[in-house]
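Quick mapping for you: the protein sequence lines, in order, are chains E and S. So in the working numbering, spot 60 of the first sequence is number 60, and the numbers just go up one at a time. So in the working numbering, spot 224 of the second sequence is number 224, and the numbers just go up one at a time.
Accuracy of the hints is not assured; some may be wrong.
[Said to hold, decoys possible] Selected chain S positions facing chain E (in silico; Cβ < 7 Å):
#	residue
1	104
2	110
3	249
[As the list claims (entries may be wrong)] Here are a few chain S residues that sit away from chain E, every Cβ distance over 12 Å (derived from the structure):
#	residue
4	82
5	98
6	235
[Said to hold, decoys possible] Sample of chain S residues with no beta-carbon within 10 Å of chain E, all distances over it, derived:
#	residue
7	15
8	51
9	141
Read the hints as simulated data drawn from the structure, not as lab findings. For every residue, glycine included, the Cβ atom is placed at its ideal position computed from N, Cα and C.
Protein chains: 2
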Amino acid sequence: MQVLPIPTPLIRRGDVIADVLIACSNLRSGDIVVVSSKAVATAEGATIDLTKITPSKEAIAWTERCGRSPEFRQAILDETARMHGRVLGSCPLAMLTELRPDGLSEGSLLVANAGLDLSNTTEGTAIGWPHDPVQSIASIRRHIKEKTGADVAVIITDSQCRPRRWGVVACALAVSGLDPLEDLRGREDLFGHTLSMTQEARADQLATAANTVMGNASESIPAAIIRDHGLSFGDFEGWVPGVEPEEDLFRGIV
Amino acid sequence: MQVLPIPTPLIRRGDVIADVLIACSNLRSGDIVVVSSKAVATAEGATIDLTKITPSKEAIAWTERCGRSPEFRQAILDETARMHGRVLGSCPLAMLTELRPDGLSEGSLLVANAGLDLSNTTEGTAIGWPHDPVQSIASIRRHIKEKTGADVAVIITDSQCRPRRWGVVACALAVSGLDPLEDLRGREDLFGHTLSMTQEARADQLATAANTVMGNASESIPAAIIRDHGLSFGDFEGWVPGVEPEEDLFRGIV
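Just chain E, same shape as in the assembly (with noise of 0.2 Å):
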């Protein structure tokens, strides 16, 4: 398995996101194209400018608590509330939200800051997951078959926190063109006994396998290829679904 890492310019709002990763990259049928929300969502103009919010009470005791300023605590306030959310708990720089935005089939997001992020945006500025990330990996897909003939599968990214563990991984949150998940149950093992239990996340594994190359500093990659994965390309698109929390291993935990 090959992956490739796909430096851009600086993407900016009104850039058309499949265009710059035509012109970046010698994208082929078969790829899998794995891009980050932030750059997707730079480009769709989603950025938040935080000089128009008016910070409430919550979002400054929000600050108190864990830094930012009120108006990010603000809009990460908001963005929870788009996304039918709650915040779960903070620690120093980040609040803990549960989100589930529309068009989620099953369970819901874990996620830092409602996925919001000072970084990698204009001063005065917070971005965050494009509005519909799921229309925006769908445009991607059909915009790249259109434009090269390629059909590539879509996979759009954020990072993800884990508990008890240092340091940031990829998530993937919407997939185009192929099973986020691997269901293993009911095969058999090296030594004949059915599987009962196991399932790969396997948009999770290769937007991680992805965030490898990729860039969370001034590296200006906010996208990657997968090649030669082996993988079989199938219809799904959508969110990736999550976990029920009465149905979760940290159920009454998390």
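Starting from the known structure of chain E, arrange chain S on it as the hints suggest.
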């Protein structure tokens, strides 16, 4: 970056895992060798004979709550105690355990079933982590250097569950020859702002990238090589440090 699977014959007790990896691949200096903890534990004879275990009342209660045999539940309780851990919760088929194994410099590990597994091991046995994963990878790395001259880094992995997400990804238990975390704090983002928070979970990301070509079913691919990664090697050798519960974004929640 290339991620190359290392298919092997079935690993058995008494195998020298470094010799198996050498025989089944073409290792070069600079390669990162990622190997499954279960394969190493099997070779080292760390298999647990469940037929020799007498379950306690607590083990029987865990079986009533989340299935599997009382002997398997007792093995998990024993492994949890060996690694100075505790049980936090459960779901069908799994207990959620928090472990602080000897040699872990910071934090703890949140894992399903104390790392024990009933798949890919012979009937009536369970398989978990090597008794001392740091010792295991140090030995593998030294052995590869002595036999082939190749200076490789080694990562030993297990699968990881995450709140609200279906499917497993990989995490790095221990690393030899590479910094497990890449601290981006103090570096500048695309717009010249200093990053105040971001760390990359480098070892976990590499483990997950490798896991995309390894197998949890009957693939017999217990290891992979990561090549052309552009990362510098370092002196680190040890468990990947974790977050102390009181510093955790998930604190009070997990």
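Is it the case that residue 235 (chain S) keeps its Cβ farther than 12 Å from each residue Cβ in chain E?
18 Å, holds
Let me know if the C-beta of residue 249 (chain S) comes in closer than 7 Å to any C-beta of chain E, holds or violated.
4 Å, holds
For residue 15 (chain S), is the shortest beta carbon distance to chain E beyond 10 Å?
14 Å, holds
Against chain E, does residue 141 (chain S) keep a CB gap of more than 10 Å to every residue?
Holds, because the least Cβ-Cβ distance between residue 141 (chain S) and chain E comes to about 21 Å, which exceeds 10 Å.
Hey, does the residue 110 (chain S) contact hint survive, CB to chain E under 7 Å?
5 Å, holds
Please verify that the nearest CB of chain E lies beyond 12 Å from residue 82 (chain S)'s CB.
Residue 82 (chain S) clear of chain E: closest Cβ-Cβ about 19 Å, beyond 12 Å.
When the nearest CB of chain E is found for residue 104 (chain S), is that gap smaller than 7 Å?
11 Å, violated
Cβ separation check - residue 51 (chain S) to all of chain E, threshold 10 Å
Holds: least Cβ distance 16 Å, greater than 10 Å.
So is residue 98 (chain S) really clear of chain E, every C-beta pair being over 12 Å apart?
7 Å, violated
Figure legend: structure checked against the earlier numbered hints; hints not met, in rising order: 1, 5.
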